[in-house]
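Novice: When you get a sec, could you build the whole thing from the sequences and use the hints?
There are 2 protein chains.
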Amino acid sequence: MLRPLTLTALLCALLPPAAAAAEERPPIGFFARSAPEQARGEAAFLAVPTPDQAKRNLRSLTEEPHVAGSAADRAVAEMIRGRLADYGFEAELSSYQVLLNYPKRVSLSMLQPVEEPLSLFETGDVRDKDSFSRDAFPAFHGYGAEGTAAGQVVYVNYGTDDDFRKLGEMGIEVRGRIVLARYGQVFRGLKVREAQKRGAAGVILYSDPADDGYMKGDVYPDGPMRPPGALQRGSVQFLSEGPGDPQTPGWASTPGARRVPRADLTGIPRIPSLPISYGEAGKILRAVAGPRVPDDWQGGLPFAYHVGPGPVELRLEVEMDYAVREIWNPIGRIEGSAEPDRWVIVGNHHDAWTYGAVDPSSGTASFLEAARGIGAALGAGWRPRRTLIFAGWDAEEYGLVGSTEWGEDLAGDLAGKAVAYVNLDSAVTGPDLSAGGTPSLRDLLIEIAGRLPDPVRGKPVGELWAGKRRERWADAAPIDLDEPAAEFRLLLDPLGSGSDYTVFVDHLGIASLNFTFEGGYGVYHSVLDDFFWMESFGDPEFVYHGVAARLLGLLAMSLAGADVVPMRYVPYAEALEEQIDDLRRFAVRERRRGKPSEAGARPLEADFAPVLAALGEFRAAAERLDAALGALPDREPPPEPALRTINDAVVGVERALLDEEGLPGRPWFRHVLYAPGLTTGYASWPYPGLRQAVKEHDAGMWEAERRRVVERLGAATARLDAAVRLAAGGA
Amino acid sequence: MLRPLTLTALLCALLPPAAAAAEERPPIGFFARSAPEQARGEAAFLAVPTPDQAKRNLRSLTEEPHVAGSAADRAVAEMIRGRLADYGFEAELSSYQVLLNYPKRVSLSMLQPVEEPLSLFETGDVRDKDSFSRDAFPAFHGYGAEGTAAGQVVYVNYGTDDDFRKLGEMGIEVRGRIVLARYGQVFRGLKVREAQKRGAAGVILYSDPADDGYMKGDVYPDGPMRPPGALQRGSVQFLSEGPGDPQTPGWASTPGARRVPRADLTGIPRIPSLPISYGEAGKILRAVAGPRVPDDWQGGLPFAYHVGPGPVELRLEVEMDYAVREIWNPIGRIEGSAEPDRWVIVGNHHDAWTYGAVDPSSGTASFLEAARGIGAALGAGWRPRRTLIFAGWDAEEYGLVGSTEWGEDLAGDLAGKAVAYVNLDSAVTGPDLSAGGTPSLRDLLIEIAGRLPDPVRGKPVGELWAGKRRERWADAAPIDLDEPAAEFRLLLDPLGSGSDYTVFVDHLGIASLNFTFEGGYGVYHSVLDDFFWMESFGDPEFVYHGVAARLLGLLAMSLAGADVVPMRYVPYAEALEEQIDDLRRFAVRERRRGKPSEAGARPLEADFAPVLAALGEFRAAAERLDAALGALPDREPPPEPALRTINDAVVGVERALLDEEGLPGRPWFRHVLYAPGLTTGYASWPYPGLRQAVKEHDAGMWEAERRRVVERLGAATARLDAAVRLAAGGA
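If you read the sequences in order, they're chains A and B. The numbers in the first sequence follow our numbering, run straight up by one, and end at 731. The numbers in the second sequence follow our numbering, run straight up by one, and end at 731.
Among these hints, one or two may not hold up.
Copies of the same chain are indistinguishable here, so a pair counts whether it falls within one copy or spans any two.
[As the list claims (entries may be wrong)] Once the Cα atoms are required to be at most 27 Å apart in a straight line, the calculated DSSO-like pairs of lysine-lysine come out as: (1) 595 x 166; (2) 166 x 459; (3) 459 x 283; (4) 459 x 595; (5) 197 x 595; (6) 283 x 104; (7) 166 x 468; (8) 129 x 468; (9) 166 x 197; (10) 595 x 468; (11) 104 x 129; (12) 468 x 104; (13) 283 x 166; (14) 595 x 104; (15) 595 x 129; (16) 197 x 129.
No wet-lab data here; the hints were simulated from the structure. Treat the numbers as computed from the prediction; the structure is a model and nothing was measured.
Specialist: What follows is the structure, encoded as C-alpha cells:
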C-alpha cells in the first residue's frame, strides 16, 4: 500500500545528493580525470533509493518466516537473484550443502517446587497480524544438541567464563545441573560451551528485562523493547572457534566434500539448550534460592536474584531434525572495466529466524535499493573499474554459513582478487550510525558519510556519527594526566564476529566494513521482529533504509570505481596504538588483581616494548604511504600497469597480517591483529593472541604471539614501504 | 533476654586482645616508658565490651522512636549521661534551644489520571512487633516547608544539579510542577534545593528498588533491604551550605542567642516535600508519560520510566509544628593527667527518626560499651594523658544540630584545645569496616585495626579492610601506562558530611575519624530500622557491635594516652596527591565534554602547576616530620614542656588549613582542602573551592581558590617544618 510522501521522506528526496566538496578536490582514490564520470554515476545512483521502495522491499522480504534451507528461504534467495538481474547484474544462485537443524519437539517444565509446563511459544498483539503466525519455529537453538536433561537450576548471570569462575569461587557446582543464563555480553554458543565444559546437564538462556526489555524502554506493542513473552532464538555454535558448516571446517560444503562425522564435532554443543522469555524465566528465578547473586548479576525482574542451586528443578527435552540441507547465496556481478579480476564485494544475509524485519531484511531492503541505484548508474553510463559483486548470504543465522562456505570455496580467487568487503545485516533499528571495520577504510567512510545528509536531522550522517563518538570518548576514554590535551580520534569499531564479514576479515585478510543505523531494539530473533515493529518503531518512514542504501551504494561505487584503492594506513596505526594501550591497561589490571589463572599461573609481566617498536615502524611507513597516496592525484596519473601494481600493493598490506598457523587453538582465524574474542564471540579482541596470553597468564603463549605480531607487523610495514616506492615511482 | 554464648561470641571473648607487635616496639605515639601502662589499660579495656551487653544496650536504646526534642529523646540522653557517670566519667547534659519541626498533618493524593490517596504510613510484619508502632511520625521531612502544592509530575532521576541540567536539555520545565526524585547519590535537601531553584511547586522523594530495595538484595522481612512499603524520612536542610540550627548559622543556639527570623531563612526549603515508598511511587511512575528517561535514569520498578510532565497530577499538603525546642547532648569527661587542657572527643548522636537501631543506636550501643571498657581501664589504674570527652549528640537527624551548636558554642576552647575527634553513627550494618577521616590519622587507624581481630573471620579487621580496598583499587583505579607498577595505597575516605564530624573537620579544623561496619542495609530512616532488623540481618550475634566498641575505645585511648599525638603527615600528602589527580582528571573530562556551564562559560584551562608545587613542598616537609616523629621514641623523651610544644605543633598543622573567609558562597565551611560537595552534601569534595571553580567553569574563582589553596598549603608546610624543628630539638 502506498502512502503519501511525509515531510521527512520529502526532505530525503529533495536534499542535494552529494556535497560540493567533490568539485573542489576529487574524492579519495580518484584522479581528476575520472572524478566527473564518478560524480555523474553517483548522481544517477543517488536519485534512485527511496524510502517507499525500501518499505515495499521490506514488506516482500518479511511476508513469512524464512529459516535457512526452507522453501520460504529459497523463495527469498530467488527474489534477490531476480532483482539483481533486473537491475543489470549477472546473477546466479550459488548453493552449498550444509548441516542444519530444525526443531522436531521441544519442551520445558518445572518439576520443583511445583510441577508446571513452561511456554516455548511467543505471544503476539492483535494490532500485528504477523505476530500470530504459527510458521515460525518455537524456542530452539541453531546447532543445539538433542537430548533430555533434568536437574536443579543454577543461575550464572551472562554465563561468561568470568561468571562461571566467580560461581566457582562461591563454591557452587553446575555439574549435572541446569544452567540458567541471561542473554547478552557474549555470543550465546559460548555460554553453552562454558556450561558444558563444567559438566552442566543442560542450559536455559533467557532475555532479561535489564538487557533488552523494559529497563531499556517501552516494550512491544507500545515500544521497541522486548515484552515478557518474546524469546530470542539463535545459534549455539562455538562461534569463536570457527564459523560455517561445522562438518567442513576450513573447506567448502560442496556436494562431494569430506564431512566430519556428527559424532566427532567439537564446535557445537553436546548438551541440550533452549531459549525462553523473561515472562517464563521469572517463574524460575523467583523461586531459585541459595546465596544472593553478586551485585552485577542482578537483572531487571522485580525481586532479588539468587544463584541456587535449586530448589527449582527443570526438565528440558529437545528433539531435532538434523540434516544436510541446501542453502542458496544469490550472487550478482558487474564486470569491472579496468581491473575485472579485482573484486569489491557487498554482502547481506537473507535467511532469518522468523520474519527478520530488522535481522536481516532491513539490510536486504537497503541492499536491494543500493543495487537498484547502481543499476541506474550503469544505465547512465557509469562503469566500475573493478568487478562489483553483490552477494546475499544464506544460513548466516546458523553460523555465518553461506558466506563462510563461499569464502572457503573461493579462497584462492579471493586471496588474489578481493579488494574489500562491505557488509550489511541488521541495517536499521533507528537513526544513529554505528560503523565497524578495518582501519584502512576509515577515511573512506568518513568522507562518504560526511557528504550524506541525514534527512530528518538535517546534518551529514558522518557529522552525527562523529559527534556521538566524540561524546562517548569525552565521557569514558581514559585520561593520561601527562597528555591532558589529547584529542579525540574517530575510529571504526574493530570487527569481532556475528555477521558475514568474519570469513573475509579473519580467514582471508580482506579489508571490510560493516555499519548499522541504530535505535532501541528489543525483539532480536523474536517473532516480533516483523514489519509491524519496523513500521511502528524502527524506521516508521523508512528514511534510514534510504540512507543505508545510499551509504552502501556510495561505498561500493567508490571502492569499485576509484583509480587508486581508497585505503589509508595512518588510521590503521591510530587504531592499533589505541588498541595496544587498551591491552596494556588490561595487563596492568590483571597484575593488580593478582589472581592466578584457572590453571594456577600468576599474571604476566608482559613486555610490550617490541610490539610498540614494531607499531612505531608501521606508523612511520603508514605516514609515508598516505602522503604518497595523497599526492598521487596531483601528479600525472601513472600508466595502467603501474596503477594496478600500486593498487595490489596497497591492498596487499592487509594480507600480510595473516598467519597460516592461525590463532592459538583456533587455526581457522588467521589474522594476527583482529579476531572475535575467544570468550566473547561477538566482541572483537584486537591482538587476539596477545590478549589470550594476558588473560590466561600464559607466558609461553605470550612469547610466541608477541613474536608473530612483531613479525606480521614487520611484514605489513615492508609492504607499506613497497607501496610507497611504487606510488612514488608512479608519479 | 539473655541468650547462651554462641560460637562466634565465644571466639570474640577468647581471642587475644592485642597483638604481640606492641611488645616489640611501642605503639604509635608512645615512648617505651609509657607503653606498659597503656598496654595494661588496653588489656583492662578489651576485657569488657561484649556482644551481649551491646545487644542489651541496643534493646534499651530502641524501645521507642525518639525524635530529637521529644520526651523519648530526652530519656535516651539521660540514660547515656547516667551510664557515662556510672562508668566513671564526669557527666552532664548540655542543652541547646533549636528550631525543629514535627509533622502536624501530611497528605498526598493522585489527582490524575485517577483520583487516589497515597499512603504516607509504613507497614510492618507480624514477626516484628515494633514495626506496628504508631509512635513513629508518618512521612515528613525534617526542616521541610509547610504548604500545599499540586501539579503535573516530572521525574528527575536523583534530582542532582546534573540531572536537572539534562532535563533542561530535554526541554522539560519543572516550574509549577511536582518533582519526583529518587533518593540517592546526593543529600536529599539538595534535591529540594535544585527543584526549588527551578520553580518547582513541590517535591516527592522516593526510595527506588534499584538503590536500596530488591535489586540490592532480599527485602525485609526476608532480608535486609527495603520492602515496597518502607519510606525514608530525613532532613531537607541545604546541608552543603551549613549544618546546625538554621536560625543560628555560625553561632550557638543558647537561650538568649540572636535568631534569624524564619521568614529570612535560606538554608531550608520554601516548597513542601514528602518522602514516599516505592510501593506508592510505582503507582505514580507507571502512569508518567512523556519522553523515555535517559538510560541511567531507569530505576528498578518493572516498567520503562518516563520523565513526564504528567499526565499524572499530584497534590501534597504539609502542615508542620515548627518551634524552638530543647535538645540534649550528654557529655562525659575524664580529666587528662598531663594535658588536661587538651581534648580528645568521641561522639555519637542519639536522636533517631524512628527506633534507629542502626542509625544511630548501633553506634550508641558500641559507644556505651567503649565507655564501659574505658571505665574498667580507669579502674585498673590507667589515666589518659589528655582529657577524654564522650559526647552524645542530639538532633543530628535534623542537620547535625547538637554537635554543631556545641562546636560553635565552644569554638574558642576547641580551637586551642581539641586534638582529634572520633565519630560513630550507624556503626553496624554488617561485617565490613569502612573508614573515613583526616589523612593524618590513617596510620593510627591502620595500626589499631591491624591488631583487632574479626572474631568471625579470624583475621585482623585492618587486614580485611585493606584487602577490600585493595580489590576495589585493582578493579577500578585509573591506570597510568607510564607507571604500570604503581602500588596500592590504603587511604581513608575523605570526610564529606552527613554526620557529626562536620563541625570539627570543616568549621574548626580538627583532625577526625569516622568508621562503620557495613553490610546490606535498606531500611535507613524507616520504622523498620529496629531491633528485629539488627537481630535478623545486621549483626545477629552483636559481634560487630563488640568490634566497633573495641575499635572506638582503642582509638580514644591511643589519642588521649599517647605521649606524642599519633598523627602522620606523609599519608596526608599521599591523599592530597591522589585527590589532586582526581580533580585534574575531572578538569580534563570537563574540557573534553566541552559543554558550557549554565552561565555559558567554557571549561577552564586550569593550570595545576602551582598547587602541585605546593604539594611537593608539603610532602617533603611531611617526610621530614614523620621521620622526626618516628625517631622520637628511640631517644631520651623530651621534658614535659617541650613535649607539649611538639604536640601542639603537630596538631596545629590541621588548623593551618582553615581560612577565615570560608568557601565560595558558604562561609561556615572554612577548611580549604576538604568539604562536602556543594552539590553532593554527603560526598566529599577534596579541594572544594578548586572543584567548584572547575565544575562551574569559573576562571575568577579558580584563580582566587588556587591562591588560597597554595597559601594554606604553604602555611601547613611551615607548621610541619616548625614541628620538625621542635621534634628534632626535643631529642
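Novice: Could you run down the list of hints and mark each one as holding or not?
Specialist: Evaluation of the provided hints:
1. For the homomeric pair residue 595 and residue 166, the shortest alpha-carbon distance inside one copy (12 Å) is at most 27 Å, but the shortest distance between copies (41 Å) is not.
2. Only between protomers do residue 166 and residue 459 lie at most 27 Å apart by alpha-carbon distance; the minimum there is 23 Å, versus 47 Å within a single protomer.
3. In this assembly of identical chains, the alpha carbons of residue 459 and residue 283 never lie at most 27 Å apart, being 47 Å within a copy and 41 Å across copies at closest.
4. Proximity of residue 459 to residue 595 under the C-alpha cut-off of 27 Å is restricted to the inter-copy arrangement: shortest distance 20 Å between copies versus 49 Å within a copy.
5. When the C-alpha separation of residue 197 and residue 595 is checked against a cutoff of 27 Å, the pair qualifies only within one copy, where the shortest distance is 21 Å, while the shortest distance between copies is 50 Å.
6. Taking identical chains as interchangeable, the C-alpha atoms of residue 283 and residue 104 lie at most 27 Å apart only when both belong to the same chain, with a minimum of 25 Å there against 44 Å between chains.
7. Taking CA atoms no more than 27 Å apart as the test, residue 166 paired with residue 468 passes between copies only; the shortest distance there is 16 Å, against 35 Å inside one copy.
8. Neither within a single protomer nor between protomers do residue 129 and residue 468 lie at most 27 Å apart by alpha-carbon distance, with minima of 36 Å and 55 Å respectively.
9. In this assembly of identical chains, the alpha carbons of residue 166 and residue 197 lie at most 27 Å apart only when taken from the same copy (15 Å versus 47 Å across copies).
10. Taking the shortest alpha-carbon separations for residue 595 and residue 468, only the inter-copy value of 14 Å comes in at or below 27 Å, while the best intra-copy value is 36 Å.
11. In this homomeric assembly, residue 104 and residue 129 come within 27 Å of each other (Cα to Cα) only inside a single copy, at 25 Å, whereas the closest approach across copies is 57 Å.
12. Neither within a single protomer nor between protomers do residue 468 and residue 104 lie at most 27 Å apart by alpha-carbon distance, with minima of 46 Å and 51 Å respectively.
13. For the homomeric pair residue 283 and residue 166, the shortest alpha-carbon distance inside one copy (25 Å) is at most 27 Å, but the shortest distance between copies (37 Å) is not.
14. Neither within a single protomer nor between protomers do residue 595 and residue 104 lie at most 27 Å apart by alpha-carbon distance, with minima of 45 Å and 58 Å respectively.
15. In this assembly of identical chains, residue 595 and residue 129 lie within 27 Å of each other by CA distance neither inside one copy nor across copies; the values are 54 Å within and 47 Å between.
16. For a Cα distance limit of 27 Å, the shortest separation of residue 197 from residue 129 qualifies neither inside one copy, at 42 Å, nor across copies, at 50 Å.
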